[in-house]
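Asks: Same order as they appear, the protein sequences are chains U and C. Residue numbering for the first sequence follows the working numbering, starting at 1 and increasing by one per position. Residue numbering for the second sequence follows the working numbering, starting at 1 and increasing by one per position.
Everything labelled a hint here was simulated from the structure, so no lab data went into it. Mixed in with the good hints there might be a few duds.
Here chain U is said to cover these stretches of chain C; the calculated rule only asks that three of the stretch's residues, wherever they fall, bring their Cβ under 8 angstroms from a Cβ of chain U [to be verified]:
| # | segment |
| --- | --- |
| 1 | 27-36 |
| 2 | 196-205 |
To list a few chain U residues with every Cβ distance to chain C over 12 angstroms, as calculated [unchecked claim]:
| # | residue |
| --- | --- |
| 3 | Ala45 |
| 4 | Ser129 |
| 5 | Gly460 |
| 6 | Gly495 |
| 7 | Pro552 |
| 8 | Leu553 |
| 9 | Glu570 |
| 10 | Pro576 |
| 11 | Ala608 |
| 12 | Thr615 |
| 13 | Ala616 |
C-beta: ideal position from N, C-alpha, C; glycine also.
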Amino acid sequence: MTTAEREALETIWSEKPGLGTWIGTIDHKRLSVRYIYTGLFFFVAGGIEALLIRTQLAHANLHVLAPEAYNQIFTMHGVTMMFLFATPVLSGFGFYIVPLMIGARDVAFPRLNAFGYYSFLAAGVFLYSAFIVGRAPDNGWFNYTPIADRAFSTGVNVDFYTLGLLLSGISMTVGAINFIVTIFKLRAPGMSVNRIPIFVWGELAMSLSIVFALPALTVANVMLTLQRKWGFHFFDPAHGGDALLWQHLFWIFGHPEVYIVVLPALGIASAIIPTNVRRPMIGYTYIVLAELATALLGFGVWVHHMFATGLPEISMSYISLVSFLIAIPSGVQVFAWLATIVAGKPVLRTSFLFVLGFIVIFVIGGFSGVMFASIPFDQATTDSYFVVAHFHYVLVGGAVFPIFGAIYHWVPKMTGRLLNERAGKWSFWLMFGGFNLAFFPQHISGLMGQPRRTYTYQPGLGWDLWNLLSTIGAFVLALGVLVTFVNWYWSRYRGPTAGSDPWHGETLEWATTSPPPHYNFETIPQIRSKEPVWDQPDLRNGAQAPDAGGRPLDAGHLQLSTTMLDASPEAALELPHESPWPFVLTLAVTAFFYGILLGAAPVAVVGAVATFAATAGWLWPRGESPGT
Amino acid sequence: MSGPARACRLVLITAAACLLGACTPQTPSVLDARGPAERRVTGLWWLMLWIAAAVFAVVIVMIVWGIVRGRSRSEEDARRPAPWGEPFVVVAGVGVSAIILVGLFLLSLRAMQVLAAPGRHDALAVHVVGHDWWWEVRYPNGAVTANEIHVPSGERVRLVLDAADVIHSFWVPQLAPKRDLIPGRTNELWIEADEPGRYRGQCAEYCGLQHAHMAFWVIAQPPSEFGAWLGDQVRPAGAPPSGLAARGRDVFLTNTCVGCHTIRGTDATGKLGPDLTHLASRDTIAAATLPNTPDVLAEWVSDPQDAKPGVSMPPTQLSSSDLQALVAYLRSLR
Chain U
1 MTTAEREALE TIWSEKPGLG TWIGTIDHKR LSVRYIYTGL FFFVAGGIEA LLIRTQLAHA
61 NLHVLAPEAY NQIFTMHGVT MMFLFATPVL SGFGFYIVPL MIGARDVAFP RLNAFGYYSF
121 LAAGVFLYSA FIVGRAPDNG WFNYTPIADR AFSTGVNVDF YTLGLLLSGI SMTVGAINFI
181 VTIFKLRAPG MSVNRIPIFV WGELAMSLSI VFALPALTVA NVMLTLQRKW GFHFFDPAHG
241 GDALLWQHLF WIFGHPEVYI VVLPALGIAS AIIPTNVRRP MIGYTYIVLA ELATALLGFG
301 VWVHHMFATG LPEISMSYIS LVSFLIAIPS GVQVFAWLAT IVAGKPVLRT SFLFVLGFIV
361 IFVIGGFSGV MFASIPFDQA TTDSYFVVAH FHYVLVGGAV FPIFGAIYHW VPKMTGRLLN
421 ERAGKWSFWL MFGGFNLAFF PQHISGLMGQ PRRTYTYQPG LGWDLWNLLS TIGAFVLALG
481 VLVTFVNWYW SRYRGPTAGS DPWHGETLEW ATTSPPPHYN FETIPQIRSK EPVWDQPDLR
541 NGAQAPDAGG RPLDAGHLQL STTMLDASPE AALELPHESP WPFVLTLAVT AFFYGILLGA
601 APVAVVGAVA TFAATAGWLW PRGESPGT
Chain C
1 MSGPARACRL VLITAAACLL GACTPQTPSV LDARGPAERR VTGLWWLMLW IAAAVFAVVI
61 VMIVWGIVRG RSRSEEDARR PAPWGEPFVV VAGVGVSAII LVGLFLLSLR AMQVLAAPGR
121 HDALAVHVVG HDWWWEVRYP NGAVTANEIH VPSGERVRLV LDAADVIHSF WVPQLAPKRD
181 LIPGRTNELW IEADEPGRYR GQCAEYCGLQ HAHMAFWVIA QPPSEFGAWL GDQVRPAGAP
241 PSGLAARGRD VFLTNTCVGC HTIRGTDATG KLGPDLTHLA SRDTIAAATL PNTPDVLAEW
301 VSDPQDAKPG VSMPPTQLSS SDLQALVAYL RSLR
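Taking the hints into account, I'd like the entire structure generated from these sequences.
Replies: This is the structure in structure tokens:
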């Protein structure tokens, strides 16, 4: 490709400088970095909350936090880590890497992508604004009725929860739809379904789960808002409602939510392993089927969160069986990774260490997960610290460790600079040791009868030592996290140049420069292999020659769409340009939610009208590009 | 040291520390089963733990093996097809796993059936009502107490569980799996203690500000002793013998106490707080949070918000002589 052609692409794809573009950008790479930075900001906030919790619990009967402060902080810790950290950061890596991995120039709906980011940011600001008035949600991330009803929670705490999660749900839903269409329709020619990278499958499985699981949470939150604000009785047994209805709706969402967090993280592991053991993944088909099976079975296990509520034995039995069987797809993935590691030549880079740490921790979390499928054991240990230990093994092991692996693996792609390996290994060992010290003892204190969600405990029950160890571990873990953040910051300025393919990876993101140009690839590549960069030397530098199959597609702001199964070329799509409407729409929706929260009808009405107006402005035909 | 080796060591150290007696005699441990229901759970736990340990060993061995073997291999070796790979994934990941998991499912189902079997028809039925943040306990003969559930040892007792405000959960780790108390629903659970003894229980479902301080004791007594206790508890409070306690009774009856508490045999018939008819027979107050001693009782009456911030009971302003008299009266309620 000539310099002139490259400049032509640059002109078409680069965004003008200035505030308007900064707000209106639709570049998936810019938006992804914002997703990741914002998500990590909330990770730090949630981490500080965790350290406050652990400080309060370091010893019996401490008074670091008053009970109402403790309840707000443990609730916001859970809400933050699930909704404002895990999903946004995993989506951020997805929105950055997926288009690169499938050889696309952007996502299918670039403006929707901007809206997804802004509504996530709005949800975060909305939820955290609750701290300013000292009324953060305080009934746990599960927010059971009737304690969340107006009779027992008189303040706006619960309203921040219901409305904040509705806002976050908007962001997750549009993000999921964007992933699904991008993965179905924008793959490079030749990337048939049997050649899609497993990480992309992971994001797809996550997105399908979101689309089907979130409506249950949305409905539940709308119903609870109606009950709290306008006197409906959905969950009120005194007026024919049912207190347990909330739990069903919440967990029909809540259990798939665990897989929404874990599936893309498992995908990260499946992306890092082949590169670092220098061979293709063993059992590709089984891993893909396992990811999809997990997403599907994840909808059939919610009642295991309710085994102690006194439901009929027969209905619990079905759920118990599915809860046992859902370990099979996870087991398949673990054994496929292990087989690949044994068959390959492991290179112990930091990213790979994080994946190994993830496997060890996730497997332990899987064991305790299987135990909860057993109804009597679940009834004995649910709502104890044993559960707290379990889901931190699954979620910190299954999401935080892969995310940190992803930082070492992919941040060089984003910044063009390598992180320091020595500091990375320090960070890993501090995090791995700190994590196990923080959470392993919670298995023991849980079995010793310590209930969860208590702001303090009595001395002399045998719980003190385990809680102290746990607190020490939490601080060591935090130190390990800090080392990576410092390392990352350092690498931005001092890190060695990464080059396009520092790890000799197999997937397409390694075929373009680091950071990639605005248009990602000079030519849309023709794919002939599941590990294209290993098997097709013609792909180097993101400029596959036209006689090798590369398509320049430089006649405009164009993206190739391909067929769903075989990825045969179908059409050239004109993608939209930057636009202020996603941002304006977010402001309008947020105003509406604040109006509802405060019971300020004029604000709500203005917000609602502005929402319709902004949607109309977004979709208004302008005769240039098709709207998205 | 590699990651897995370190993890292994950590597991061993923590396990050893537990065995070496970090547990105190008071520890309400799930694994220290003192009744037939909990023994079922303990059996399942040890089985599942050993299976988990075996699989974990396989995982660690494979990781270490891969790393060690990888050192001496070339990139070409690594890229070679591994025909054993996919069969291994299917056999270990699907075949062996399915057999183990379905086996565990069936064993769990059997245990669940035993736990779910209703108590004998003539078994003692105790009605337990969860309140923010204490436990009301009612016996069929009319006796009412709070935060202490006396049962005859060696006998199955049926608990009828229900909640007055929000969801609570009944959990005595040494005796039985837990069961929620849900407004608008009635749940049942049976417990049985092998031997006489005291077993600590605590609310296990988040129920608000003082969820941390909603404990109770199950006190198992030999059947004859239990029968005598139950006979005592059903009687109304006697008239206080001494002058100080008699004055204390007047203090009680002329203050806000009567709005919330019942003392059977007097005009105090409040329903919001615990029945105090035999308060002095209980070892603890404030839902097993504080010892039932005169000093603690006096502090509690003066300012319950200090020990349990958010509790419904308001501070009571009394002169020190009135307070002393009131405590003397409460201490006389045996």
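Asks: Of the numbered hints stated previously, which ones are contradicted by the structure, given in increasing order?
Replies: 5
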